[in-house]
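J.: Modelling step: build the complete structure from the supplied sequences, incorporating the hints.
Letter by letter, the chains look like this.
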Amino acid sequence: MRAGSNRIDVTVTDVVVVNELVKRFHFERTHGGILPTFSGGAHVVVEMRDEGKTRLNPYSLMSSPLDTRDYTISVRRDDAGRGGSLFMHREVKPGQRMVISNPVNLFSLDLRAKKHLMIAGGIGITPFMAQTAQLAGRGGNFELHYACRNDALATYADVLTARYDRRIHLYRDDHGEKLDLEKLLSTQPLGTYLYVCGPAGMIKWVRATAAEAGWPDETVHFEHFAAPQPGKPFDVRLAVSEVDIRVGEHESLLEAIEAAGLNPPYLCRGGVCGQCETNVISYDGKFLHNDHWLSEEDHRSGCKIMPCVSRFEGKSLTLER
Amino acid sequence: MSAASMLSRPVYGTLSPQAGKHHLLVADAEGAAAILDLAKNAPADFFAKAHIIYIPGASGPEYIDALKALNPERFYEGPSFAAALPRLRQTFDAAHMGTRLYIAGSEGLIGQVMQVAAEAGVDHASIQTEQRGSLARRVQCVHCKGITENVTTQPVKCSHCGLLLLVRDHYSRRYAAFQGVCINAEDPTDIPPTEEIFR
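One line per chain: the protein sequences are X and Y, in this order. If you count by full-length UniProt numbering, then the first sequence holds residues 1 to 321, one letter each, in order. If you count by full-length UniProt numbering, then the second sequence holds residues 1 to 199, one letter each, in order.
Read the hints as simulated data drawn from the structure, not as lab findings. Note that this is a predicted model, so its numbers are computed, not measured. Hints may be right or wrong, so weigh each one.
Taking lysine-lysine and the DSS-like style, the derived pairs with C-alpha atoms no more than 27 Å apart in a straight line are [claimed, not checked]: (1) Lys21/Y <-> Lys204/X; (2) Lys183/X <-> Lys40/Y; (3) Lys49/Y <-> Lys183/X; (4) Lys157/Y <-> Lys178/X; (5) Lys21/Y <-> Lys115/X.
Here are some chain X residues pointing at chain Y (derived, C-beta under 7 Å) [unchecked claim]: (6) Gln188; (7) Gly191; (8) Gly214; (9) Trp215; (10) Glu218.
Yeah, the Cβ is synthetic: ideal placement off N, Cα and C, and Gly gets one too.
T.: Right, dumping it as structure tokens:
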């Protein structure tokens, strides 16, 4: 499996320890030249060759869209995760060659907005690094509210505060600082758009509070890369390819399909973009839907599944793939 | 008229109360009836947080008492869209997120209020609209760019440059107008019959 059809050969030019959990990686084109243009909020999928296993993880670009001599990403180490962040932290060194996808933006700024209100939680700060740089370059009106555990894990809070001063509002858990979201949302001028990136619980809280405060859905943008959840192994029949596969405990259905030699379309690998949507031909069992793409009606119908994040438990499952 | 013959052809719905802290309702003529219908399904405190801007036009005083009886927080009645425009702009300028917008009445009114709302950064898809009353169109001549209001006929003579225009379903949200294209450019003596179709 590979990081999509438009792959870019890059060399790691620098690895910077940002704090005890976060490292920053800089990539330049191996063969020289500038990298493709992107807009704030875009991500790339990084291919990791990890002892015979290929990992494909999406990471938000955090460098300025105004400078594409290099791309930078920041990776938070997740010791209990599936291993991608540990690979980046342990194995990736300056000088190493890697392959990344072209940038894709599923979390772009809506430039019709009069004001951009950003809410970040933890490592969810990364897309806002690029978005604030993009907006600052054109005099855009923005305000960033950033919740983190403590000063030591307030990744880039110092950089942001130095750049944008009072536009940055920091909330540290260990200081008991709390974002008064209802008040914040009720005092925004008409024409404000809301962006939230962080843990799933935070996104849910922000969306629900905004809906209650009368913010139209169109004005609320969110991004959450749901890592595929582990689960019981299950067997799948891929009817078009006439292949039977087994999805392992720590593997996603998409990864198992790719391991069988197929190249289904995908962009986000996190249940939001809709690219890998797959029709179900028949099933006997129950679906464990984990995506943000299909409607509740689709989930109930048993006709569709998002193989990047969703699983299945039961006797048999046949997909149109 | 409701069928989308072209992607840009606006499709209108039925006003319904939305979750919000304030409600701005703008209507002309028979659009008032759409507000009265919405009131039947609205929560008890809806109009206490509502501002109604009403342009009676051809309906005269017919709906005014009924609208006032809804006890909106603010009620404005004006002779024309142009007269209401400064108030509308000022209202948008001072408004906060959580203010929901409802527009009912003629297409010309709906389009022009949406145009001002878009300038204020309001997403057009978040606006509740309902077409009531006249189907007269606001038409932009694609040749001289002049706008002709209240067009009910097909074709129509441009009120600025005098060309005979075919009124298309091609709609511009930016201009809040349908596009009018010269119908007899090759032979100006070929004058098709005029029919009143946008009543």
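J.: State for each hint whether it applies.
T.: Right, here's what the structure says about each hint:
| no. | hint | verdict |
| --- | --- | --- |
| 1 | Lys21/Y <-> Lys204/X | holds (21 Å) |
| 2 | Lys183/X <-> Lys40/Y | violated (31 Å) |
| 3 | Lys49/Y <-> Lys183/X | holds (18 Å) |
| 4 | Lys157/Y <-> Lys178/X | violated (63 Å) |
| 5 | Lys21/Y <-> Lys115/X | holds (19 Å) |
| 6 | Gln188 | holds (4 Å) |
| 7 | Gly191 | holds (2 Å) |
| 8 | Gly214 | holds (3 Å) |
| 9 | Trp215 | holds (6 Å) |
| 10 | Glu218 | holds (4 Å) |
In the structure shown, a violation is registered for the earlier hints numbered 2, 4, in ascending order.
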